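2 protein chains.
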Amino acid sequence: MSYPRVALLGLGLIASSMFWAMKRAGMDSHVTGYARSQATRDTARRLGLCHEVCDSVAEAVRDADLVVLAVPVGAMGELAEAMAPHLKPGCTVTDVGSVKQAVIDAVRPHLPEGVEFVPAHPMAGTEHSGPDAGFASLYDNRWCLIVPEGASEQATARLEAYWQALGANTERMEVEHHDLVCAVVSHIPHLIAYTMVGVADDLRRVSDQEVIKFSAAGFRDFTRIAASDPTMWRDVFLTNKPATLEILGRFTEELFALQRAIRTGDGQLLFDYFTRTREIRRGILQAGQDTDAPDFGRAAVRK
Amino acid sequence: MSYPRVALLGLGLIASSMFWAMKRAGMDSHVTGYARSQATRDTARRLGLCHEVCDSVAEAVRDADLVVLAVPVGAMGELAEAMAPHLKPGCTVTDVGSVKQAVIDAVRPHLPEGVEFVPAHPMAGTEHSGPDAGFASLYDNRWCLIVPEGASEQATARLEAYWQALGANTERMEVEHHDLVCAVVSHIPHLIAYTMVGVADDLRRVSDQEVIKFSAAGFRDFTRIAASDPTMWRDVFLTNKPATLEILGRFTEELFALQRAIRTGDGQLLFDYFTRTREIRRGILQAGQDTDAPDFGRAAVRK
Ligand SMILES: NC(=O)c1ccc[n+]([C@@H]2O[C@H](COP(=O)([O-])OP(=O)(O)OC[C@H]3O[C@@H](n4cnc5c(N)ncnc54)[C@H](OP(=O)(O)O)[C@@H]3O)[C@@H](O)[C@H]2O)c1
Ligand SMILES: NC(=O)c1ccc[n+]([C@@H]2O[C@H](COP(=O)([O-])OP(=O)(O)OC[C@H]3O[C@@H](n4cnc5c(N)ncnc54)[C@H](OP(=O)(O)O)[C@@H]3O)[C@@H](O)[C@H]2O)c1
Chain A
1 MSYPRVALLG LGLIASSMFW AMKRAGMDSH VTGYARSQAT RDTARRLGLC HEVCDSVAEA
61 VRDADLVVLA VPVGAMGELA EAMAPHLKPG CTVTDVGSVK QAVIDAVRPH LPEGVEFVPA
121 HPMAGTEHSG PDAGFASLYD NRWCLIVPEG ASEQATARLE AYWQALGANT ERMEVEHHDL
181 VCAVVSHIPH LIAYTMVGVA DDLRRVSDQE VIKFSAAGFR DFTRIAASDP TMWRDVFLTN
241 KPATLEILGR FTEELFALQR AIRTGDGQLL FDYFTRTREI RRGILQAGQD TDAPDFGRAA
301 VRK
Chain B
1 MSYPRVALLG LGLIASSMFW AMKRAGMDSH VTGYARSQAT RDTARRLGLC HEVCDSVAEA
61 VRDADLVVLA VPVGAMGELA EAMAPHLKPG CTVTDVGSVK QAVIDAVRPH LPEGVEFVPA
121 HPMAGTEHSG PDAGFASLYD NRWCLIVPEG ASEQATARLE AYWQALGANT ERMEVEHHDL
181 VCAVVSHIPH LIAYTMVGVA DDLRRVSDQE VIKFSAAGFR DFTRIAASDP TMWRDVFLTN
241 KPATLEILGR FTEELFALQR AIRTGDGQLL FDYFTRTREI RRGILQAGQD TDAPDFGRAA
301 VRK
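First to last, the sequence lines map onto chains A and B. For reference, each letter of the first sequence is one residue, going 1 to 303 in the UniProt record's numbering. For reference, each letter of the second sequence is one residue, going 1 to 303 in the UniProt record's numbering.
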């Protein structure tokens, strides 16, 4: 039920983790890989990433039954255009982009008749990037959202089975809803973390050394989030504009309400707000999407 | 060099961790404890927290050489007033509050002549609270900020040695600077996390179930931060008003600049901003204040 030949286009965190997860799952697919730069292709060869690293898109996709676009969202269209003439008739194209409407708009026009396009988005990642950042368990117990958008049931179900074999749970979603949900649970939190770290870095009255030395829970987590790849995140915000701006508008509205409560000394409003948000956390722990360990994230510091 | 008798007033996360850390350090101090509610005192007795749990403040502080105020910032003044008549002459009073100017203003007026007051703030915590949330290693390799503000060198140095024995590093700081640094590295990050989780909870177009199910890195961390104790954080924002409002003003300014860049499609600005914030993260890793493990926080999910 897996794909005999898989092509990974882009060899960063997401694609390399897919390869290691395929290996771990014992899939017997033949995997070709392509990356834009010689440096990344060399690293991939050194690491044994993919059975064959190709120097051109054409070579990589030739004969592939599944082609995975695993580059920043803003680069998907160009890549799709370059590969399109070389696709095997009847193959399936998918992507792993964090935004779906923009990717569909950029990719679909280039695809020839008879090629299935099943957009997908594994909701898993770290702040690291590049071909050496991947690991086999990245997708374990994480969600991979599938946006069928006109693909056949057969092609969709096959891609779902593939992602499940990599360790993920899958769920189908409408494209617009996907982009909104992701703005809430991922994109805007990243933007906020970037902003807060930027503020700390700007503030001349507090030195960088102090920010680093005394970084407490809260800020420390923000710095990790704000260490994520700048190209990827630039593209996310440029391409998920409507949802991003909607959620950002709501966020500043609520922040202003809390700011006013601080200014006027409205302790009851603050208390009630802070009480309500605890429930969401409880839900996430129950759903097994995080751990409740009191020393969360400090293991390596301790030793 | 330690204190023969220590009184812990308030028996939550911070005080209970202090007791377990004292025990681990093999200090031979006699520790009395007091908490407002019968329920907390009962739990403390059941856990063996403190050598003696007292039903009144007066009893708890009688004969104590060090008295630690470990209640929410807004409750410090009242507690100081209640204990003041019963303090042993020449003892040292300290606190662990997250805000320092407000605590000094609330506590100092009540203290009799000859009692030393050395405010302190251990920069360590979790999102859990209460007498059963503590653990001995909470302060290991964390900073405890000391704000001497008129205390004698002897009393200050003695408190520093005590905190070092609990595992912490200590650093002296001016009170106003303390409140600003903490607004940046802790208070505003918490406010922002609370706000973002509140926005997610409000949004009718995205259900709570979805927010919980698909919570990705970023948002997941925010929910942990936003699960912290509502009373403690209400008090922090009400009492650290000037620094909080200053940093909040800067934060919204920067957020608006990024929002405009998204709206106008200024990818270069976004890219440069996101690149700059990576450096801070590098500093924090080098300073040993966090771990770089790729599966950060997912250990318990995996098993
Ligand atoms: N990281 C996450 O947390 C995460 C989570 C879910 C989804 N995603 C999505 O997954 C995709 C890949 O992310 P990633 O984290 O794997 O990124 P990454 O580690 O930075 O790798 C990106 C890969 O894309 C290539 N690339 C970059 N710009 C390109 C261009 N203009 N043309 C052709 N190739 C280009 C890079 O090639 P070179 O190395 O040769 O430059 C690299 O191989 C993105 O669409 C992202 O939105 C990421
Ligand atoms: N948690 C952190 O991350 C952290 C980090 C650094 C500093 N701090 C500071 O440490 C202090 C204690 O925090 P914590 O985390 O240990 O809190 P906690 O776990 O919630 O415990 C607070 C304790 O204070 C008592 N208390 C609450 N309100 C009181 C009142 N009005 N009068 C008398 N006692 C009262 C509670 O008694 P009952 O149980 O009987 O209600 C409880 O024993 C706060 O000032 C906080 O700002 C906290």
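One should not assume that every hint holds.
You can't tell identical chains apart in this list, so a pair holds if it fits in one copy or across any two.
[Claimed, not checked] Each computed EDC-like pair below joins lysine to aspartate or glutamate, with the alpha-carbon atoms no more than 20 angstroms apart: (1) Lys-213 with Glu-279; (2) Lys-241 with Asp-272; (3) Lys-88 with Glu-253; (4) Lys-23 with Asp-208; (5) Lys-213 with Asp-65; (6) Lys-213 with Glu-176; (7) Lys-23 with Glu-254; (8) Lys-23 with Glu-279; (9) Lys-23 with Glu-116; (10) Lys-213 with Asp-140; (11) Lys-88 with Glu-78; (12) Lys-23 with Asp-272; (13) Lys-23 with Asp-266; (14) Lys-213 with Asp-63; (15) Lys-213 with Asp-201; (16) Lys-23 with Glu-171; (17) Lys-213 with Glu-160; (18) Lys-213 with Glu-174; (19) Lys-213 with Asp-28; (20) Lys-88 with Glu-210.
Derived by calculation from the structure, the hints in this document are not laboratory data. Predicted model only: the values in this text are computed from it and were never measured.
Hint by hint, here is what the structure shows:
{"no.": "1", "hint": "Lys-213 with Glu-279", "result": "between (32 angstroms within a copy, 14 angstroms between copies)"}
{"no.": "2", "hint": "Lys-241 with Asp-272", "result": "between (32 angstroms within a copy, 19 angstroms between copies)"}
{"no.": "3", "hint": "Lys-88 with Glu-253", "result": "neither (50 angstroms within a copy, 51 angstroms between copies)"}
{"no.": "4", "hint": "Lys-23 with Asp-208", "result": "neither (43 angstroms within a copy, 35 angstroms between copies)"}
{"no.": "5", "hint": "Lys-213 with Asp-65", "result": "neither (51 angstroms within a copy, 31 angstroms between copies)"}
{"no.": "6", "hint": "Lys-213 with Glu-176", "result": "between (42 angstroms within a copy, 18 angstroms between copies)"}
{"no.": "7", "hint": "Lys-23 with Glu-254", "result": "neither (46 angstroms within a copy, 44 angstroms between copies)"}
{"no.": "8", "hint": "Lys-23 with Glu-279", "result": "neither (39 angstroms within a copy, 34 angstroms between copies)"}
{"no.": "9", "hint": "Lys-23 with Glu-116", "result": "neither (25 angstroms within a copy, 65 angstroms between copies)"}
{"no.": "10", "hint": "Lys-213 with Asp-140", "result": "between (34 angstroms within a copy, 14 angstroms between copies)"}
{"no.": "11", "hint": "Lys-88 with Glu-78", "result": "within (19 angstroms within a copy, 77 angstroms between copies)"}
{"no.": "12", "hint": "Lys-23 with Asp-272", "result": "neither (49 angstroms within a copy, 37 angstroms between copies)"}
{"no.": "13", "hint": "Lys-23 with Asp-266", "result": "neither (57 angstroms within a copy, 40 angstroms between copies)"}
{"no.": "14", "hint": "Lys-213 with Asp-63", "result": "neither (54 angstroms within a copy, 37 angstroms between copies)"}
{"no.": "15", "hint": "Lys-213 with Asp-201", "result": "within (13 angstroms within a copy, 33 angstroms between copies)"}
{"no.": "16", "hint": "Lys-23 with Glu-171", "result": "neither (23 angstroms within a copy, 50 angstroms between copies)"}
{"no.": "17", "hint": "Lys-213 with Glu-160", "result": "between (45 angstroms within a copy, 18 angstroms between copies)"}
{"no.": "18", "hint": "Lys-213 with Glu-174", "result": "between (44 angstroms within a copy, 16 angstroms between copies)"}
{"no.": "19", "hint": "Lys-213 with Asp-28", "result": "neither (49 angstroms within a copy, 31 angstroms between copies)"}
{"no.": "20", "hint": "Lys-88 with Glu-210", "result": "neither (57 angstroms within a copy, 37 angstroms between copies)"}
Consistency note: the structure conflicts with the earlier hints numbered 3, 4, 5, 7, 8, 9, 12, 13, 14, 16, 19, 20.
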